[in-house]
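Participant: Residue numbers (the UniProt record's numbering), protein chains in the order written: chain U, 1 to 372; chain P, 1 to 372.
The reader is advised that the hints may include incorrect statements.
[What the hints assert, rightly or not] One-sided excerpt, in silico: chain P residues whose CB lies under 10 Å from chain U: (1) I10; (2) Q26; (3) G66; (4) T78; (5) R93; (6) A100; (7) V107; (8) Q109; (9) A179; (10) S219; (11) T244; (12) Q278; (13) P308.
[Claimed, not checked] Derived CB-CB ranges, DEER-like: (14) U/S370 with P/A267: 37 to 47 Å; (15) U/R295 with P/N96: 40 to 50 Å; (16) U/A153 with P/Q234: 19 to 29 Å; (17) U/E263 with P/E270: 50 to 60 Å; (18) U/P103 with P/E281: 50 to 60 Å; (19) P/A335 with U/R126: 30 to 40 Å; (20) U/E106 with P/E235: 21 to 31 Å.
[What the hints assert, rightly or not] So these bits of chain P aren't anywhere near chain U, every CB distance computed over 12 Å: (21) W36; (22) R122; (23) Q215; (24) R220; (25) G309.
Think of the hints as simulated: they come from the structure by calculation, not from any bench. Computed from a prediction, not measured in an experiment: that's the story for all the values here. We put the CB at the ideal spot given by N, CA and C, even for glycine.
There are 2 protein chains.
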Amino acid sequence: MNNRPLELMIPGPVPVSPEVLDAMGQPVRQHYGPEWLPFYRQFIARLQQLFGTTGSVYPIPASGSGGLEAMLGTLIGTDGTAGIIVNGFFGNRLLNIARAHTPHVEVLQAPYERPADPADVRAWLRQRRVSVLAVVHSDTSTGVLNPVEEIAAAARAEGAALVVDAVSSLGGTPVLTDAWGLAAVSTASQKCLESPPGLAPVAVTKLGWEIIDSQRAPSRGWYLNLRSWRQYEQEWANHPYPVTLPSNNIVALDRALDRIFAEGLEARFERHRRAAAQLREGLERLGFKPFADRRWASPTITVAYPPPGIDAGALIETLRVQHRIAVAGGLEHLAGRVIRIGHLGNQATPEPIRRVLGALEASLRQGVPSSP
Amino acid sequence: MNNRPLELMIPGPVPVSPEVLDAMGQPVRQHYGPEWLPFYRQFIARLQQLFGTTGSVYPIPASGSGGLEAMLGTLIGTDGTAGIIVNGFFGNRLLNIARAHTPHVEVLQAPYERPADPADVRAWLRQRRVSVLAVVHSDTSTGVLNPVEEIAAAARAEGAALVVDAVSSLGGTPVLTDAWGLAAVSTASQKCLESPPGLAPVAVTKLGWEIIDSQRAPSRGWYLNLRSWRQYEQEWANHPYPVTLPSNNIVALDRALDRIFAEGLEARFERHRRAAAQLREGLERLGFKPFADRRWASPTITVAYPPPGIDAGALIETLRVQHRIAVAGGLEHLAGRVIRIGHLGNQATPEPIRRVLGALEASLRQGVPSSP
Numbered sequence: 001m002n003n004r005p006l007e008l009m010i011p012g013p014v015p016v017s018p019e020v021l022d023a024m025g026q027p028v029r030q031h032y033g034p035e036w037l038p039f040y041r042q043f044i045a046r047l048q049q050l051f052g053t054t055g056s057v058y059p060i061p062a063s064g065s066g067g068l069e070a071m072l073g074t075l076i077g078t079d080g081t082a083g084i085i086v087n088g089f090f091g092n093r094l095l096n097i098a099r100a101h102t103p104h105v106e107v108l109q110a111p112y113e114r115p116a117d118p119a120d121v122r123a124w125l126r127q128r129r130v131s132v133l134a135v136v137h138s139d140t141s142t143g144v145l146n147p148v149e150e151i152a153a154a155a156r157a158e159g160a161a162l163v164v165d166a167v168s169s170l171g172g173t174p175v176l177t178d179a180w181g182l183a184a185v186s187t188a189s190q191k192c193l194e195s196p197p198g199l200a201p202v203a204v205t206k207l208g209w210e211i212i213d214s215q216r217a218p219s220r221g222w223y224l225n226l227r228s229w230r231q232y233e234q235e236w237a238n239h240p241y242p243v244t245l246p247s248n249n250i251v252a253l254d255r256a257l258d259r260i261f262a263e264g265l266e267a268r269f270e271r272h273r274r275a276a277a278q279l280r281e282g283l284e285r286l287g288f289k290p291f292a293d294r295r296w297a298s299p300t301i302t303v304a305y306p307p308p309g310i311d312a313g314a315l316i317e318t319l320r321v322q323h324r325i326a327v328a329g330g331l332e333h334l335a336g337r338v339i340r341i342g343h344l345g346n347q348a349t350p351e352p353i354r355r356v357l358g359a360l361e362a363s364l365r366q367g368v369p370s371s372p
Numbered sequence: 001m002n003n004r005p006l007e008l009m010i011p012g013p014v015p016v017s018p019e020v021l022d023a024m025g026q027p028v029r030q031h032y033g034p035e036w037l038p039f040y041r042q043f044i045a046r047l048q049q050l051f052g053t054t055g056s057v058y059p060i061p062a063s064g065s066g067g068l069e070a071m072l073g074t075l076i077g078t079d080g081t082a083g084i085i086v087n088g089f090f091g092n093r094l095l096n097i098a099r100a101h102t103p104h105v106e107v108l109q110a111p112y113e114r115p116a117d118p119a120d121v122r123a124w125l126r127q128r129r130v131s132v133l134a135v136v137h138s139d140t141s142t143g144v145l146n147p148v149e150e151i152a153a154a155a156r157a158e159g160a161a162l163v164v165d166a167v168s169s170l171g172g173t174p175v176l177t178d179a180w181g182l183a184a185v186s187t188a189s190q191k192c193l194e195s196p197p198g199l200a201p202v203a204v205t206k207l208g209w210e211i212i213d214s215q216r217a218p219s220r221g222w223y224l225n226l227r228s229w230r231q232y233e234q235e236w237a238n239h240p241y242p243v244t245l246p247s248n249n250i251v252a253l254d255r256a257l258d259r260i261f262a263e264g265l266e267a268r269f270e271r272h273r274r275a276a277a278q279l280r281e282g283l284e285r286l287g288f289k290p291f292a293d294r295r296w297a298s299p300t301i302t303v304a305y306p307p308p309g310i311d312a313g314a315l316i317e318t319l320r321v322q323h324r325i326a327v328a329g330g331l332e333h334l335a336g337r338v339i340r341i342g343h344l345g346n347q348a349t350p351e352p353i354r355r356v357l358g359a360l361e362a363s364l365r366q367g368v369p370s371s372p
C-alpha cells in the first residue's frame with residue numbers, strides 16, 4: 001500500500017487528467033513558424049476568454065511567482081509607488097516582489113483571518129499616493145478570498161489601479177478582468193487550470209498598458225518585463241515572443257482548456273463551491289475548526305485547525321504514510337498549527353474530498369500524536 | 001506525407017527520446033517534502049557533475065533566457081559595470097539583459113565571423129573597469145564557438161570574472177565551470193540536454209558568490225535573483241527553493257541525464273564533433289558555404305549560405321513542406337541569407353544528418369526559387 005503514488009490534495013499542483021498528461025508527453029514541437037502559430041493564436045484567444053479580457057495574454061514560462069513578478073514589476077516600474085494588501089503568506093510574496101522593484105512600497109497589513117475590507121482600502125488609499133495596488137485573490141495560506149471586484153472599485157475611486165494574483169482562483173471562481181476594471185491579472189497552470197506546473201499566463205488590459213506607457217521610470221529586467229513580450233509580439237511575426245516557449249507545457253494547458261470550456265465556467269465555479277462546502281462540513285463534523293469564516297472562505301482551498309490536542313504535522317504524516325494522500329502544512333505563524341487542503345481543479349469533486357475526509361477520520365480514530 | 005510530424009533540425013528544441021517523453025507525461029508529483037527531496041538532491045548533484053562544479057545549481061523554471069538573466073542580473077547588480085562580448089544575436093541578447101539591470105555596460109563588438117580573441121579581450125579589459133564579463137559559448141546565430149577557457153584566463157588577468165551562456169554548448173562540448181575559473185554558467189533543457197524546454201539550470205561557483213556578496217548595489221528582481229534561490233535553499237528545509245518547481249520537466253530532464261551519463265561526456269563530445277564534420281562536408285559537397293571557418297565552428301550548430309542564387313527562405317520552406325524537416329533561417333543581418341541546422345543532443349547522429357543532407361540535395365535538384 002505504501003508504494004502507491006501520493007494523491008495530491010495540496011493547494012497545487014493538482015492531479016492532472018490522463019488526456020492532459022498525454023498531451024504533456026507528446027513529441028516536442030517547433031514553437032514558432034507556420035505550423036505552430038495558428039494553434040498558438042487560438043490558444044491565446046482561449047486564455048483571453050478565460051481571463052475575461054480583450055487585452056494581451058502572455059504564457060510566461062515560469063512558476064506562478066514569475067508571472068506575478070512580470071505583472072507587478074512591469075506595472076510599478078522602478079520608481080512607482082506600489083500599495084500591497086497583505087493578509088496572508090502570498091500577500092507577503094507580492095510585497096517581496098514589489099520591494100525588489102521600487103523603494104516606494106506602502107503596505108496595508110490586514111488580519112489574516114478576514115478579507116481586506118474595500119472601505120478600509122479606500123480610506124487607506126486616500127492618505128497615500130499609490131498608483132498601483134496589488135492583492136491576492138485567494139490566499140492559499142489562509143483560505144480567505146479577497147473581494148477583488150469591490151477592492152478594484154475602491155481603488156479606482158482613489159485613482160489607483162488594481163493588479164491581481166489569481167494564481168489559485170482563475171478557473172475556480174469568477175475573475176472578470178475587463179468587467180472589474182483590473183489593470184493586470186496573473187495565474188499559473190497547475191491550480192484550477194488542471195495542468196502541470198511551468199506556465200504563468202499573465203493578462204494586461206488597456207488600462208494596464210496605459211499605466212505602463214505613462215511611466216517615467218520603466219521596470220528593470222528583461223525576461224519578466226511585459227514590454228519585452230509586447231515588443232516581440234509586434235515585431236517578430238514568425239516568432240511573436242522573446243524566448244523559447246515550452247511547447248509540451250502549452251499543448252498540455254491547451255488540452256486542459258478543452259476540458260474547462262467543455263465543462264463551462266459557471267459549472268466549474270459551482271463545482272468548486274460544492275467541493276468547498278462538502279469538505280468544510282466534513283471537517284467540522286470531525287472536530288476541525290476552519291480558519292476562514294464561511295462568509296469569505298475561498299472556494300478553492302480550506303485551511304483548518306485540527307481538533308484540540310491533535311498535532312498538525314503528525315496528522316499530515318499519517319495521511320501521507322498510511323493513506324498516501326498529500327495535504328499541506330501551515331505557513332508563517334500557522335506552521336505546525338493548521339492543515340491546508342486543496343480543492344482546486346481536479347481535486348474539487350466529491351470522491352477526492354470523501355477520500356481525504358475518510359483518511360482524516362481514520363487517522364483520528366487510530367490515534368495520531370497529540371500536539372506538545 | 002505532408003501530415004507527418006516535423007523532424008526538428010532547428011538549433012533547439014531538439015527531438016526528445018521516447019523514455020524522456022514518457023517521464024514528461026508521468027503524473028504530477030509533489031515538488032517538496034520527504035518523497036521528492038532525496039530525488040531532487042540527487043538530480044542537483046548530477047547537474048553539478050555535468051557543469052563540472054561543486055558550486056550551487058538551480059533548475060530555474062524558465063526558458064534559457066530566463067536563466068541567463070538570473071545569472072547575469074544577479075552577478076552585475078544594479079550598479080556594477082558589465083562587459084559584454086557581442087559576436088552574434090545571442091551576444092546581443094546578453095547585452096539587452098545587462099542593460100536592463102545596470103546603466104554601466106561596456107560592449108566589445110567583434111566580427112560575427114570569428115570567435116572573440118582572448119588577447120583582444122585582455123587589451124580591451126585593460127582600458128576599462130569591468131568586474132563581470134559575459135560571453136556566449138556557442139552562438140546559434142553564427143555557429144561560432146568562443147574560446148571560453150582562454151577568455152576566462154584573459155579576464156582573470158585583468159581582474160574580471162567571466163559568466164557564460166552555455167545554452168547550446170553544455171552537454172555537447174566541454175564546459176568545465178570550476179576548472180576554467182568561471183563565476184557562473186547558464187544553460188537550458190532543450191538543447192544538448194535532449195529534454196523538452198522549460199528549465200534553465202544555472203550554476204554559481206564560489207567565485208560567483210564572492211562577487212554577489214561583495215556588491216554594494218544588489219540586483220533588483222526576485223524570481224530571477226539567485227539570492228532568492230539561495231535564501232530558500234538555506235532556510236526552507238522541506239522546500240528548498242522559492243517557487244513551485246515543474247516536476248514533470250524535472251523528472252524528464254533527470255531521465256535525460258540518465259542517458260547522458262550512460263553515454264559518457266567524452267563520447268558525447270566526440271559524437272557532436274563527428275556530426276558537425278559530417279554535416280559540414282555534406283553541405284560543402286552540395287555547394288553551401290559554411291558561415292564559420294572550420295577552426296572555430298561550433299560542434300553543435302552549423303550556419304551556412306546556400307549555393308549561389310538559391311533563396312534561403314524558399315529552401316527552408318521546401319524542406320518543411322516536401323520533406324517534413326524543420327531547419328531555421330538567419331537572424332539579424334543574416335535573415336534570408338543563411339540556413340541554420342542544429343546538431344545538438346539527439347540531432348547529432350548520422351541518420352538525422354543524412355536525412356537533412358538528402359532533403360537539401362533533393363530540393364536543389366528539383367529546383368527551389370532563386371534568390372531575388
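Participant: If any of the earlier hints don't hold here, list their numbers in rising order.
Facilitator: 7, 8, 9, 12, 13, 14, 16, 19, 21, 24
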